[in-house]
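Asks: Starting from the given sequences, assemble the full structure and let the hints guide the process.
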Amino acid sequence: DIQMTQSPSTLSASVGDRVTITCRASQSITSWLAWYQQKPGKAPKLLIYKASSLESGVPSRFSGSGSGTEFTLTISSLQPDDFATYYCQQYNSYSWTFGQGTKVEIK
Amino acid sequence: QLQLQQSGPGLVKPSETLSLTCTVSGGSISSSNYYWGWIRQPPGKGLEWIGSIYYSGSTFYNPSLKSRVTISVDTSKSQFSLKLSSVTAADTAVYYCARPHYGSGYGMDVWGQGTTVTVSS
Numbered sequence: 015d016i017q018m019t020q021s022p023s024t025l026s027a028s029v030g031d032r033v034t035i036t037c038r039a040s041q042s043i044t045s046w047l048a049w050y051q052q053k054p055g056k057a058p059k060l061l062i063y064k065a066s067s068l069e070s071g072v073p074s075r076f077s078g079s080g081s082g083t084e085f086t087l088t089i090s091s092l093q094p095d096d097f098a099t100y101y102c103q104q105y106n107s108y109s110w111t112f113g114q115g116t117k118v119e120i121k
Numbered sequence: 012q013l014q015l016q017q018s019g020p021g022l023v024k025p026s027e028t029l030s031l032t033c034t035v036s037g038g039s040i041s042s043s044n045y046y047w048g049w050i051r052q053p054p055g056k057g058l059e060w061i062g063s064i065y066y067s068g069s070t071f072y073n074p075s076l077k078s079r080v081t082i083s084v085d086t087s088k089s090q091f092s093l094k095l096s097s098v099t100a101a102d103t104a105v106y107y108c109a110r111p112h113y114g115s116g117y118g119m120d121v122w123g124q125g126t127t128v129t130v131s132s
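So the sequence lines, in the order shown, correspond to chains A and B.
Going left to right, the first sequence walks through residues 15 to 121 as our numbering numbers them.
Going left to right, the second sequence walks through residues 12 to 132 as our numbering numbers them.
Heads up, none of these hints are tricks.
Here are the simulated lysine-lysine pairs, BS3-like style, with alpha carbons at most 25 Å apart: (1) A:K53 <-> A:K121; (2) B:K77 <-> B:K56; (3) A:K121 <-> A:K56; (4) A:K53 <-> A:K64; (5) A:K117 <-> A:K64; (6) A:K53 <-> B:K56; (7) B:K94 <-> B:K24; (8) B:K94 <-> B:K77; (9) A:K121 <-> B:K56; (10) B:K24 <-> B:K56; (11) A:K117 <-> A:K56; (12) B:K56 <-> A:K117; (13) B:K56 <-> A:K59; (14) A:K121 <-> A:K59; (15) A:K59 <-> A:K117; (16) B:K94 <-> A:K56; (17) B:K56 <-> A:K56; (18) B:K56 <-> B:K94.
Computed Cβ-Cβ distance ranges for the label pairs, DEER-style: (19) B:A100 <-> A:Y108: 22 to 32 Å; (20) A:G55 <-> B:A101: 18 to 28 Å; (21) B:P54 <-> A:Y108: 21 to 31 Å; (22) B:A101 <-> A:K121: 33 to 43 Å; (23) B:G57 <-> A:Q41: 17 to 27 Å.
Looking from chain B toward chain A, a few residues come up when the C-beta cut is under 10 Å (computed): (24) I50; (25) W60; (26) S69; (27) F71; (28) Y72; (29) N73; (30) P74; (31) P111; (32) H112; (33) S115; (34) G116; (35) M119; (36) V121; (37) W122; (38) G123; (39) G125.
Simulated from the structure, these hints should not be mistaken for laboratory data.
All C-beta atoms, glycine included, are put in the ideal place defined by N, C-alpha and C.
Replies: Set out below in structure tokens:
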């Protein structure tokens, strides 16, 4: 099974900060990686798919990069609505795995 | 716009079988571009993929749950269902249905509202 490791687990930042979250896969997943945002009591929301494609309706301050085993989610200028938990997720051979999550908190 | 509506009991007794259904509306459950999946989230914890099904009935399960999970599809009712047998307190979680979409690199672009399932006698 492919394992996904996110870092950091928690991130404290201020409005306007540039924020980067990293996700590592235990083996190559080429570009089959997605990023989600989840707020308390809500279902996750797809932000990025295929490592770097922005889902329709998602603000352009969100971006994704990487391939193979190392991926990043960047928020270029953190907004009040962005304080949430973020998950990466891989797809490989009919199996899906999520990272453990990164909580973005107000500094 | 496609929507997923979940239904099923919120309380299940230990050793019994958890059963949830997800109804697809606003689109076809039989599209070749989608899978249909179940994901859960224990209280205060992260997301765990349970399994997925294709409209043809092909199923794919998380190896850690495979022995207890059955996912099925009823295209005539536009529904897919989850059964998890021999539940324990560790199965207490919010359960979501979702749509892994080929066009989104099998990212899950549509989610159900979530069902809180508590395992308790």
